[in-house]
Each structure stands twice: as structure tokens, then as C-alpha cells.
Amino acid sequence: MYLSDIDKRVIYGEGGLANQFSMQILIRLGEIYGAKRMVPIKSAHVGCVYPQFGAAIEIMKKVDDLEGEFCVPTTANPVLNPINFNKWNELNEPLKLQKLAKKQIAYVLKMGAIPVWTCTPYFEGNLPHYGEMISWEESSAVIFANSVLGARSNRTTIGVDIASSIVGRVPEYGLLLDRNRKANILIKLNFEPKSLFEYGTLGYIIGKLCGGKIPVIENLPESTNVNHLKVLGSSMATKGGISIFHAVGITPEARTKEEAFQNTKPEFEYAITRKNIKDSIIELNTAKNKKVDAIAIGCPHAGIEEIKELAILLSGKKVNKDLHFCIFSSERTIELAKKMKFVNIIKGAGAKIFPGSCLVFQSTKLWGWKSVATNSAKYALTLPSEPNELEVYYTSLEECVDLAVR
Amino acid sequence: MKKLVIKGRTISEGVVEGIALVSKQNFSFSHGIDPYTGNICDKLHEWIGENINNKILFFPFGKGSTTGGLWLLEAVRLSNIPKAIINLEMDPIIASGIILADLLYNIKIVALDRLGENIFDLIETGNFIRIETLEGKINIYFEND
Numbered sequence: 129m130y131l132s133d134i135d136k137r138v139i140y141g142e143g144g145l146a147n148q149f150s151m152q153i154l155i156r157l158g159e160i161y162g163a164k165r166m167v168p169i170k171s172a173h174v175g176c177v178y179p180q181f182g183a184a185i186e187i188m189k190k191v192d193d194l195e196g197e198f199c200v201p202t203t204a205n206p207v208l209n210p211i212n213f214n215k216w217n218e219l220n221e222p223l224k225l226q227k228l229a230k231k232q233i234a235y236v237l238k239m240g241a242i243p244v245w246t247c248t249p250y251f252e253g254n255l256p257h258y259g260e261m262i263s264w265e266e267s268s269a270v271i272f273a274n275s276v277l278g279a280r281s282n283r284t285t286i287g288v289d290i291a292s293s294i295v296g297r298v299p300e301y302g303l304l305l306d307r308n309r310k311a312n313i314l315i316k317l318n319f320e321p322k323s324l325f326e327y328g329t330l331g332y333i334i335g336k337l338c339g340g341k342i343p344v345i346e347n348l349p350e351s352t353n354v355n356h357l358k359v360l361g362s363s364m365a366t367k368g369g370i371s372i373f374h375a376v377g378i379t380p381e382a383r384t385k386e387e388a389f390q391n392t393k394p395e396f397e398y399a400i401t402r403k404n405i406k407d408s409i410i411e412l413n414t415a416k417n418k419k420v421d422a423i424a425i426g427c428p429h430a431g432i433e434e435i436k437e438l439a440i441l442l443s444g445k446k447v448n449k450d451l452h453f454c455i456f457s458s459e460r461t462i463e464l465a466k467k468m469k470f471v472n473i474i475k476g477a478g479a480k481i482f483p484g485s486c487l488v489f490q491s492t493k494l495w496g497w498k499s500v501a502t503n504s505a506k507y508a509l510t511l512p513s514e515p516n517e518l519e520v521y522y523t524s525l526e527e528c529v530d531l532a533v534r
Numbered sequence: 460m461k462k463l464v465i466k467g468r469t470i471s472e473g474v475v476e477g478i479a480l481v482s483k484q485n486f487s488f489s490h491g492i493d494p495y496t497g498n499i500c501d502k503l504h505e506w507i508g509e510n511i512n513n514k515i516l517f518f519p520f521g522k523g524s525t526t527g528g529l530w531l532l533e534a535v536r537l538s539n540i541p542k543a544i545i546n547l548e549m550d551p552i553i554a555s556g557i558i559l560a561d562l563l564y565n566i567k568i569v570a571l572d573r574l575g576e577n578i579f580d581l582i583e584t585g586n587f588i589r590i591e592t593l594e595g596k597i598n599i600y601f602e603n604d
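These protein sequence lines are chains S and H, in that order.
Counting from 129, one number per residue, gives the positions in the first sequence under the numbering used here.
Counting from 460, one number per residue, gives the positions in the second sequence under the numbering used here.
Quick caveat, the hints were computed from the structure, so don't treat them as lab data.
From the three backbone atoms N, C-alpha and C, an ideal C-beta is built for every residue, glycine too.
Treat each hint with caution, since some may be false.
[Stated by the list, open to error] Stretch-level coverage of chain H by chain S, calculated; a stretch enters the list once three of its residues show a Cβ under 8 Å from a Cβ in chain S:
1) 474-487
2) 574-581
3) 588-596
[Claimed, not checked] With beta-carbon atoms standing in for the labels, derived distance ranges:
4) 603(H) to 498(S): 24 to 32 Å
5) 159(S) to 466(H): 45 to 53 Å
6) 567(H) to 189(S): 33 to 41 Å
7) 483(H) to 406(S): 31 to 39 Å
8) 306(S) to 585(H): 43 to 51 Å
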């Protein structure tokens, strides 16, 4: 790999020990993936996952010992509990885990993380422009940035995310290069998706059909909005490991079908019908019946429109006492929802709204939860596995509310 | 022992010996192993019941969550360490785990890919194997019936 004078100065230690350590990680990764050079990034998004893993804490401790600081704006993903650890006892997290999470959070804050604690950083001021190089973690945010915004990010992982924020540079490989953003599969829709629930299901189907490939979706309806695209990408990424999709006439690298395919022919074409959606809803359903312990909304984090929809649905209703209704969103979105009086209505109905976190981090097993209902395909895919091992009743937002209030 | 001089890519070099664990199924370290014991815990994988410690792992591709690298690194921290990982094409998630195992814990896991699909038919689970990499050359010695 070609190293510029900047890179060389960093690797020789002129930028400090943390930069040198980080550069070692990035150069080794770049050499494996055939990167020809390092390129500067303008923003990063990092995660604080698995505080119970000593290795997760030790990486941060190492960088902190070397006095590492993020040199580009770096937002942070949801954590166990970012706001107030005492308050979190509402959901009764084991003290030991709380303590470790607190330590991890302290490290990223010290490095300069912007504490948005959300998986939708693009709604919280971390908004890359078209063609901008970034280094993001969180699969649903990466696919959104690549596809909807036309920014360029590989899915980064442990250590690499912190290293690139510290150095402000990344090896140029994968989705940073034009040729690797070329679509190879054509998806034709024979129906019109209507709700977030249906867009999430569609993403699941595309993920299943196009694992590891790059799909182009033709004829998404004009009513498609950014929240739909957020949810569509999230289940596509979780099911198929996909980090970029194109939608003709909607996403910036697909003004035409030909542009998305970079004037090549699709390897495969699939047509998706409403029947496929119905079948997939059944497929994603792992619950034995509709009697669930909790309702989980907000994966990815609920936007203000979704909270509004919930407030309308919950208005004047009461959630059953033996059931937990949990909504996950960002702190700033919840502040807006308070000003718009949605939070009053939601709390009045007995539902709870949690800032900056996610159900996947919570000790649901310890609480005795066996099953949840959700309208999120990503939750339907992730909650059945460790550490939650929940059965999921996958259904529309309307039915989630119905189940909770009847 | 049979000797195989094979073309491929050396991601992390070294000389190691151990027992092979071979699968044509893709594998994720995230939820795929218990870092505290090294036991395979992916109930849907044919390796269920096996252990990664000191093994030479052959599987085609990584899959699943980006946290896979951290699960591997946590197993390394707790001394449940595979001797080598051999893929058809190694993804950045596993590669990151291997790079950090070296830079953080000074543990070198030999890593190779692009050896061709043939290797998954030549070598079986339980075979005793020796891998040597030197200046881009890869020699694999193996014993099977």
C-alpha cells in the first residue's frame, strides 16, 4: 500500500502513540483488502458493544492509556443505559453489567464521542454529503449512509472503528471504490409497500435473495420516505449482510437503472409480490401465540413520525398491567416528542419510552421475558438469538398496540 | 504425512500444528462460540459440541454481525485460541479480530484464504495438520486415510 507523508509521520509516531497504534491496525487491514492508499474521512460512528466482554473494555483502555482522541466528528451508537443508571433500574439491569457499561461509556466520552447514543446518527447531525468518505459502525446506519445519502463507508468492526476516528483516515477498499458499488441484482416490485412494517418485511426478502450482493429496487412508490428507507435497509443488512442498495429514481447513485448497474446487465432478476410479503411475515414469526410479555418498538430508533403514530394509536387507551410496552428512540427525538405532547399521551397510556438504548442489550432473560411483539423485521431477526432468546410475534404497529391494550 | 504446496493468500503468517475442524458451512464467531470455554454454541452449525481451542479452522466464509471480531478477540483474551483460520475469502470482521489479537494480546493466529475449494475435500475434521507459510509460499502437511 502507498503511504503518503501524512501516513508515514503517523506510523513513525509523530502524531502520538494512539495514532501510531491505530495506524498499525488500519494499514494491516488495508493490506489484506488490497487498498492502494489511505483516504481521509470526515465523520465516524462508533459502538460500545458487549461491555461484559473484557476485550471490549481493554481495547478502549489501551487507546485511552495512549491518550487517544477522536479527530473527526464521531457519534456513538445506543448503549446499555446512557442517561441515568439509577433510572434504568426501571428495567432492573444487573449492577455488575451497569458498572462495566459505565466504564465503556466513560472511555468513548473521554475520546470525544458525540453522545447521541443512537443507531440513526444521520437524524442527529451526523449527516455526510454525497460522495463523502466516512467510517461507520452499525449495519443499519452504514447501509443508509451508502444507499440513501450516497456517502461511502465500509462496515467497520471492533477496534477498526475507534482506530479510524482517531487517525481520521481509512484504507481505501470495498465500498469506498466506484466499482464495488455497482449493482448486480434487479428487484421488481409487483405491489406497493405501505407501512414501515411492510418496508421492513421487503428488506428481509431482499436480504434473503441477495445475500452479499448489491440490489437495485425498481418501482418503489413515490410515497417512499426516509423512514421507510431506514427500515428497508436495516432488515436487508441484518438478513443479507448487504451494505448498499439502490432504488431507481430515489437513491443518488440510481437516477436511472443503467447508472446503478454501471451499464452492465443484472446477474439475476426477481419479482416480489404481496404474497411474498405475507409468507415472510409468517416466516419471521417465532412466537407460539399472541400472548406476549412485551411490545418492542423502535429498531432502528423510532423517528418523530413513528412516535406520533404511536401517540395517536395509544391515545385514550391503557396498556395491560402484565405487559411491558417499550419504545426506543434517541434522547433528542424524545425531547421533541415531549414538546409535541406525544410523550404525555404515550406515558399516560402506560407505555415507556427509553432514550439511547436498545432491547438487544437488556437482560430480558433475567426479567423472565419469553416473548415480544414488534413491527421491526430487524428485531424479529435479532431478538430470537443470544442473549435475549425471545420468541417474536411479528406484526403491524396497529396490531402491536391492539395486543397491548385489549 | 502428505505435503501440499498450495497457492493462496497469507493474511497472517506462521508455522502451526493442530487438529483440523472443517466445515463447508459459513460460520460466525458472534453467538457461534462461547468465549469462556471455546465451545461452539451455534445450534444450527454442524460444529455444535466441538471446541475451537488449538484447532485449525476451515470454513468458507464468515457471516453475520460485525461483532464477530470482538467475540473472537474475547475468546483469545480468555485463552481459547484457534491456531489458524482458513477461509475461501476472509471477511474484514474476522481479519480485524486476528489483527487485534496480535496488536492487543500479542497472540498470532495464522490466517489464510483463496486456497481454492478443493482444500475442503482434501482435509477432514480430525486430521492432524501442519501449516508453514514463508515469503508468500504455503505448505500444508496433513495425515488422513
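Verification of the hints:
For the segment 474-487 of chain H, the stated coverage by chain S is not satisfied: 0 residues place a CB nearer than 8 Å to a CB of that chain, which falls below the threshold of 3. For the segment 574-581 of chain H, the assignment as covered by chain S is violated, since 0 residues bring a beta-carbon within under 8 Å of that chain's beta-carbons and 3 are needed. Beta-carbon proximity to chain S at under 8 Å applies to 0 residues in the segment 588-596 of chain H; the threshold of 3 is not reached and the given coverage is violated. For residue 603(H) and residue 498(S), the hinted distance range of 24 to 32 Å is not satisfied, since their beta carbons lie about 46 Å from each other.
Separation of residue 159(S) from residue 466(H) is about 18 Å and departs from the stated range, judged on CB atoms against 45 to 53 Å. The supplied range of 33 to 41 Å is broken by residue 567(H) and residue 189(S), whose beta-carbon atoms lie about 22 Å from each other. At roughly 33 Å, the beta carbons of residue 483(H) and residue 406(S) sit within the given window of 31 to 39 Å. For the pair residue 306(S) and residue 585(H), the beta carbons lie near 46 Å from each other, so the given range of 43 to 51 Å is met.
Checked against the numbered hints listed earlier, the structure breaks hints 1, 2, 3, 4, 5 and 6; every other hint is satisfied.
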